[in-house]
Structure formats: structure tokens, C-alpha cells
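Asker: One letter stands for each residue in the lines below.
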Amino acid sequence: MTQKWIVAIIFTIPALLCSFLLSAQPVPAQQHHPMTFFVTSATIGKGGDLGGLAGADAHCQALATAVGAGNHTWHAYLSTQARGDQPAINARDRIGQGPWYNAKGEMIAHGLADLHGDTLELARLGNNVNKLTALTEKGDIVPGLNDNPNPEDRKWAYASTHPNSDRHEMLTGSHTDGRAYTEAKDHTCNNWTSSAPGNGKTIQGNTGPAAQVGLSDRNGGRNGSWNSAHATRGCSQDDLAFSHGVGLFYCFAVN
Amino acid sequence: MMRIRSAALPFVLTIFCGSCLLLAQQAPVKRFAGPGSMTFFVTSVGLGKGGDLGGLAGADAHCQALATAVGAGHHTWHAYLSTQARGGQPAINARDRIGTGPWYNSKGEYIARGLADLHGDTIELARQGTNLFKQSALNEKGQVVNGAGDTPNVHDILTGSQTDGRAYSDDKDHTCNNWTSSGAGSAQVGHSDRIGGGNTSWNSSHATKGCSQKDLESTGGAGLFYCFAAH
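If you're matching them up, the sequences are chains X and R in order.
Terminal number for the first sequence in our numbering: 255, no gaps in between.
Terminal number for the second sequence in our numbering: 231, no gaps in between.
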């Protein structure tokens, strides 16, 4: 009897250990990674005037703090253009080295190279920013193209009262490589201080203030770029809404 | 009066021609919509035998039949699929089978101007990506193809191709034995909704688990593929 028990135990313990090890092997990828990337859940509300980079960074930090992620240093993914004596600042140089994870612990990119497609193969593959991963700090999906479409959804009066209308445009002021524009034309709403309306009825017709935007859902803009799909019609809140934006942007944890 | 007119004429003509050129430079975002002008679609149904499509010929015939059913049979349709070099037969690249574009979906929305932007042949084109995404990668009936988050998710699109649209040159199977296997092997797939696989590739996101219909379904597929009008 006791011999049988001993034999049983000798066989059972290694078997249990093995199965434990096997089941432990798959990394529970979603749990160990605190949030280091999000899309702002709320707009500042003054069009392209974010209070400069400092104001935008503070917005990131405040939203992160409200959900218990204030222990990181947060920066907005925004470039500024060279103006006066001030050199240009590249969005990609402001966000640390990665890897970055969303509120669910899903990886957005390993680092700057795959985030921006620094090699041809990385660029073709693309990063992991998409509609289901580009979540707000609260873990919510940002409404995108053809979500609850309405003829009025290109007006701020409608978008401001319909939180589920398309708002997939992210302010970046950047080229696809994450760097600032070097030409005189405005791509940053005067370095994120302008809420002035554009001077045209269309995006192409505007030669005044504007911001370059990317698409968090990768749908639209004729290319689906996450960080540099097209320009806005101007810098007022209404101009942003005209092409389905409300003035949201990406926030990255620098550390 | 006469003098002013004759002086103004060259200016007006110049401006007029200038705007013509400007307009012509940009590929039209939309053109007349309808099945007749469609030159790209995702198959609304698969062939139901996993990775066995009856080879390239069988897949092309499927494209042609689906297109014909919606009144677009006047084009020559090819499936966007590569095959690998096997037994003396050279590899075939998907990108070499689909003409030169531009391609439009059934709503008249353009998918790509040509092979270069479809595949990101330069780093800037690659970073921007194509206009192929969930809301534009429609089936021949003009419907959005179910993607991640939808039930069932069928966004895994068979391609057997690398991101540049070319065939694999290694020995490993990436084409369900050149689209004849519904058992052993594996196929490379892209995502019609650009979601999943840790990347946003439309044509080369990951490999399937196997080649049976069940294998395809297990990772969010139904054996669908892209069809392009070669001319």
C-alpha cells in the first residue's frame, strides 16, 4: 500500500511540475506592460492652439495622471517648425526609445525604427497603430471613419455633442518619418499656438494656418498614414472638424 | 478694349492650362462608381477548400466568376497570389500578375495608383501605405469585409507573398503548395483591415497554421483573396 502511494507520488509530482511549467510558458503579454502610449480622450478645445508643446505635454500628463499613470513623463507626439531663432523640433525626438504599450498592454512599436518605418521592410510592414490598438488613456477606441456617419459630422457643433462621431485625425505636424517640416508653409498651427481659421473652403484651397494630421484608425486620407496623412483646412476647431478631427493627439511616455 | 483683350488672352490661357495640368497631376480620388469601373475587390466568398484554390488558374477563375456575377466580367481578373519555385517551375510574383493600375474598388474609390505605391517601392511610399484599408477593401458586391472585432473575422487574405509582392525564395511553404493543398503546409496572409500580426501589412502580415479550411478560420480567415483587373 505505502509502496503504491510512493510510486504514485513519484510519478505525479513531476507530471504536475511539467504541466505547471508548460502552462506558465506562454507570456501573459497583456499584463506586465504598463501603459506608455495613448490617444488623448479629450480635446483642449481651442483648435490648433494647444498652448505650444508645453501645453500639449501638460495635457498628456494630466490625462495620464487622472487614470493613475502620472508616474511617467508624458510628451505629446508633435513637431514644431523653425521660427525666428528657434530650431525645429521633431516629434520622434521627444518620445523616448520605446517599446510603447497601450492601455491594454498591447505593443504599439518596439522602438523608433519600427514606429516610423526607418527601413524599407519596416515601412512596408507598418507599426501596430490601428483602430483597435490606438486607445485612449481610458482604454477606449477612438471613433473612426464611417463610425456613425452623419452629414453634420464635419462641423464642430455636431462633433462636440456627439462623442461617437468620426474623430480619427491626430495632430502631429510631422512628416511620415516623424520629423518637422522644413519649408515656410505652416504645418503646425504656428507651433501649436494658432486657432485661426484657414483661408479656403477646402484643404487644398487653404494657404493659411494648418496642421498635418495622421489617422489613428489608418482609414482614409488616401494612404492611411498614422502620423502624416494630410493637412487640415485651418486651425479653428471647426476647421479640424471639417476633415473629421477634433484636436486629439498621441501621447508617449518618455521613460 | 481690343488691346486689353489680346493682352489678357495669353494670361488667361496660361492660368487655364496651368490649372488643367494641376488637376491632371492628381489621380482622381473617385471616379464613376459601379461594377463596370471596378478593378479591385476582395472575394466575397472563398472556395471552401482551405488553401487549395485549384492553383493560380482556379483562383483566377474564381475572381472572374465573382466579377461576372456583378457585371464586371469584361475585365481580365487575376488573383493576387504568388507561387514558389517547384520542380522546374519558376516562382511567380503576385505583383507581376495584376497589370499596372490604377485600381478602384466597387465604389470608385482608388486603391493605388500603380505597383509602386501599392507595394511601397520607395521608403516614403512604404511609410504612407496604400489606400487599401477596411473601409475601402470592399468585396465585389461593395460590402466591407469583416475584420478584427467582427464576427466572424475573415480579414486574413491569402497572398503567399512578401511585403514587396514577390514570391518567397526559401524552401518553406508559404503558398499551401502553390494553392493546391488543403492539409499540410502554410500560406502567408495579409490583413484587409490592416489590423493584427503586430503590423499593418495588407499583403504579408503572418503565416497560417495550416492549409485546411479550419486552419484558415482559426486565425481569422476564410480563404478569401484579392482580385485585380489585369486589364
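Check before you lean on any hint, since a few could be wrong.
Unchecked claim - Quick list of in silico lysine to any residue cross-link-like pairs, SDA-like style, CA-CA up to 20 Å: (1) R:Lys107 with X:Leu145; (2) X:Lys185 with X:Ala82; (3) X:Lys138 with X:Met107; (4) R:Lys107 with X:Ala88; (5) R:Lys107 with X:Asn150; (6) R:Lys107 with X:Pro149; (7) X:Lys104 with R:Asp150; (8) X:Lys104 with R:Gly149; (9) R:Lys107 with X:Pro151; (10) R:Lys141 with R:Lys209; (11) X:Lys104 with R:Lys49; (12) R:Lys172 with R:Ser37; (13) R:Lys141 with R:Ile123; (14) X:Lys104 with X:Pro149; (15) X:Lys104 with X:Val67; (16) R:Lys49 with R:Ser37; (17) R:Lys107 with X:Arg222; (18) X:Lys138 with R:Gly149; (19) R:Lys141 with X:His33; (20) X:Lys201 with X:Asp140; (21) X:Lys104 with X:Arg222; (22) X:Lys104 with R:Gly198; (23) R:Lys107 with X:Lys201.
Everything labelled a hint here was simulated from the structure, so no lab data went into it.
Every value quoted in this text rests on a predicted model; they were computed, and no experiment measured them.
Asker: Broken hints, numbered, in rising order?
Answerer: As far as the earlier hints go, 4, 10, 11, 12, 13, 14, 16, 19, 20, 21, 23 are violated by this structure, in ascending order.
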